[in-house]
Structure formats: structure tokens, C-alpha cells
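Undergrad: Residue numbers (numbering that gives the first Met the number 0), protein chains in the order written: chain D, 0 to 95; chain V, 0 to 235.
Treat the hints as calculated values from the structure; they're not laboratory data.
Take the hints with a grain of salt, since some may be wrong.
[Claimed, not checked] Rough simulated footprint, nothing fancy, chain D against chain V, three-plus residues with beta-carbon under 8 Å: (1) 29–43; (2) 59–72; (3) 76–83; (4) 221–228.
[Said to hold, decoys possible] Output of the computed footprint for chain V on chain D, the stretches with three or more beta carbons under 8 Å from beta carbons of chain V: (5) 0–10; (6) 27–41; (7) 50–60; (8) 64–75; (9) 79–91.
Because the structure is a prediction, the values reported are computed rather than measured.
Glycine included, each C-beta is placed from N, C-alpha and C at the ideal position.
As a plain string of letters, each chain reads:
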Amino acid sequence: MMGLMAFAMRALPQLFFAGRKFPEALDRWLRYVSYGLICSIISVTLFMSGARLETAAAPRRALALTVAVIVAHRTKSAVTGMIIGAVLVLVLAWLS
Amino acid sequence: MKAAIPIWIAFAPSSVAWGIAAQRHGLSFEEIILMSAWVYSGPAQFAVLGPLAENKSSLQVLVAGFLMNLRFLPMSTALAPFFRGVKRLPLLLSSHVISASSFIVPYLQFQKERDGTTRAVSTPADGYGNLAFFLGVGVTSFIVWVTGSGAGFGLALGFPADFDEALRFILPGYFAGLLVVEMKGWAMALICLGSLMVALPGALASQEWGWLVMAIGVATLGWGIEQWKLRATKSS
Numbered sequence: 000m001m002g003l004m005a006f007a008m009r010a011l012p013q014l015f016f017a018g019r020k021f022p023e024a025l026d027r028w029l030r031y032v033s034y035g036l037i038c039s040i041i042s043v044t045l046f047m048s049g050a051r052l053e054t055a056a057a058p059r060r061a062l063a064l065t066v067a068v069i070v071a072h073r074t075k076s077a078v079t080g081m082i083i084g085a086v087l088v089l090v091l092a093w094l095s
Numbered sequence: 000m001k002a003a004i005p006i007w008i009a010f011a012p013s014s015v016a017w018g019i020a021a022q023r024h025g026l027s028f029e030e031i032i033l034m035s036a037w038v039y040s041g042p043a044q045f046a047v048l049g050p051l052a053e054n055k056s057s058l059q060v061l062v063a064g065f066l067m068n069l070r071f072l073p074m075s076t077a078l079a080p081f082f083r084g085v086k087r088l089p090l091l092l093s094s095h096v097i098s099a100s101s102f103i104v105p106y107l108q109f110q111k112e113r114d115g116t117t118r119a120v121s122t123p124a125d126g127y128g129n130l131a132f133f134l135g136v137g138v139t140s141f142i143v144w145v146t147g148s149g150a151g152f153g154l155a156l157g158f159p160a161d162f163d164e165a166l167r168f169i170l171p172g173y174f175a176g177l178l179v180v181e182m183k184g185w186a187m188a189l190i191c192l193g194s195l196m197v198a199l200p201g202a203l204a205s206q207e208w209g210w211l212v213m214a215i216g217v218a219t220l221g222w223g224i225e226q227w228k229l230r231a232t233k234s235s
């Protein structure tokens, strides 16, 4: 079902919207919803386990996420940020 | 195909990261390959990983996937005029390999070519030529994505349990990095920060829908303020 929906989103404009321009405001809203959802999922994936907030692990994961974001921003590389964040969270988990 | 090399480089780590995360969420090798090939959308695959692993309602998985895939509508619409004259079947089949990255490279190339030509209207020959260029980028990127997901599954099997904390961090850390690198303007930064913060109270209030509703609410609020500011600027 999910694959079908993804395919529909890609295929329908090719069939019905050829030559038309997508409204700019709607385009921006769709982008913002994607960004909002990704951030929401990042938060839930990192800090929750089922219905429970992982309070013991949350500080080290929040710190690692902050460092990863700063490194990615500075280096303009998401991979570098991710690797440094993953190493940091691992070291902090071993130390605790 | 040369134009696709930066996309391969970008796809390789994210597909491997997704493969690792999917293995850790209990998906089998076949499920990982099938999902990567059939859904072919990193953010959507990421979005449904948690709900799938926790056996949440299929409606929630579908809504999350649908919302993430909505962004393909404007991408596909923007590409459509450049495929003028191409028959429907090749268009339908090729539309499967539209992704955020494989959209940008051909789109910019087609715009550059259009700006450089004196013809006002493109011909069917241009349409097929553009489709060939798009497929060169799209199909090879698709192959990299699916292969990388499988490689990620294999890699995850090799990690000892002590590395769980780092493996859990890989995908959210990578997506956070991607967002930051692509971030433009105040609205996006505020929406990201706001969604990151309100997702937890939302998920605690309703594990199924809270984070989803909060994210849509924050995004719509940010968009509304931006729209209001744009209108105010235009009218002044």
C-alpha cells in the first residue's frame, strides 16, 4: 500500500499535470510538513522506547545530536556529523 | 550518467544507514530490499520503521508514509513539462525513480538547456532526450539505493550488541545532519526546532498520533506565519 501511494504521488503529475505549475505556497507547505515530520521522528526515535521516555539515555543522545548538527553545519557534511555523533553517544554510553 | 555521481555518493551512506537501522528494527533482508525498491523514499522508509517495528496500526504507517511522499507531487509536476511528447507508459514506469536528489539534477539541467535555447516550445525529441537523461540519473541512483540497503543489513549483522547505542543514532543523526546542511531561511529552522521539541509531549499524550499531529501543526503554523509576512510585504 505504501509503495502504491509513493508511486501514485510520482506518477499522477506525469499523467495529469503536464505543463502546469504547482502552486508555490502549496509546494512550501508540503516541504515544511516533510521537515516537521522528519524532526518529529528524530525526536521520537532517539528519546522514546514505545510509550516510555528514555530519561537515562536522553541527555547523552541530546548531546550527541547537538554535536552532530553543529559538525554537519560546519563541515557541510551530514555523514561527518552522523559519524562523530555516533562515536560520541557510544563513548558516553560506555562511560555511564 | 556522470551527473549522477554526486547522488550515488549521497545515497550510499544513507541507504547503508537505513539498512542498518531496518535490521536493528527487526526487518528481514527480503523486507529491506523489497521496501527500498518498492517505496524508494528514504524519509518515508525512515518514518515507518518505528511504527512497523512496534506493530502499530497500519493506518498510522500509511498516514506517515503518505505525508512524507506528498513532496513527490511538486517534484514530479515540475519535471512533467520537460517530457513533452513522451508516451504514457514510459512516463509511468520512469516516474518510479523520482526522488529528491534524482529530481534536482535533471531539473536544473533541463532548465539550463531551456534557458540556452531560442525555441519557445520543446519538441517530442527533446522530451525523449530529457527522459533518457533523467533515467540515466534516476535508475543508477535507484540501484545504488537498493544495493546500499542490502549492504547495510549485512553490516548490521557484523556489529556486536555493545554498539547498539551508536547504531540507533545513525539514521536520526544522519537525517538531522542532512536537514541542517540543506536548511535555508528562518521558517525551516524554527519548524525543525519546534517539531523536535513538541514531538515528545505529543508522543507521550498519544503514542500513535501525537508526534504526527504536532509536526503537521508546527509546520502549518510556520507556513502560515511566513505566508502572512509575504502578503504583508507585498501589500506595503
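Undergrad: Against this structure, judge whether each hint is valid.
TA: So, going through the hints one by one against the coordinates:
1. Here the segment 29–43 of chain V counts 7 residues with a CB under 8 Å from a CB of chain D, which clears the bar of 3, and the coverage holds.
2. Figure legend: the segment 59–72 of chain V, annotated as covered by chain D; annotation consistent (12 residues with Cβ-Cβ distances under 8 Å, at least 3 required).
3. With 7 residues bearing a CB less than 8 Å from a CB of chain D, the segment 76–83 of chain V meets the requirement of three and the coverage assertion stands.
4. Counting residues of the segment 221–228 of chain V whose CB lies closer than 8 Å to any CB of chain D gives 4, so the stated coverage by that chain holds, three being the minimum.
5. Coverage of the segment 0–10 of chain D by chain V holds. Counting CB-CB distances below 8 Å, 9 residues qualify, and the rule asks for three or more.
6. Restraint check on the segment 27–41 of chain D versus chain V: 15 residues with Cβ-Cβ distances below 8 Å, three needed, restraint holds.
7. Counting residues of the segment 50–60 of chain D whose CB lies closer than 8 Å to any CB of chain V gives 4, which reaches the minimum of 3, so the coverage claim holds.
8. A count of 7 residues in the segment 64–75 of chain D with a Cβ less than 8 Å from any Cβ of chain V is obtained; the coverage claim is therefore met, three being the minimum.
9. Under a criterion of three residues with beta carbons nearer than 8 Å to beta carbons of chain V, the stated coverage of the segment 79–91 of chain D is upheld, 8 such residues being counted.
Against the hints set out earlier in the document, no violation occurs for any number.
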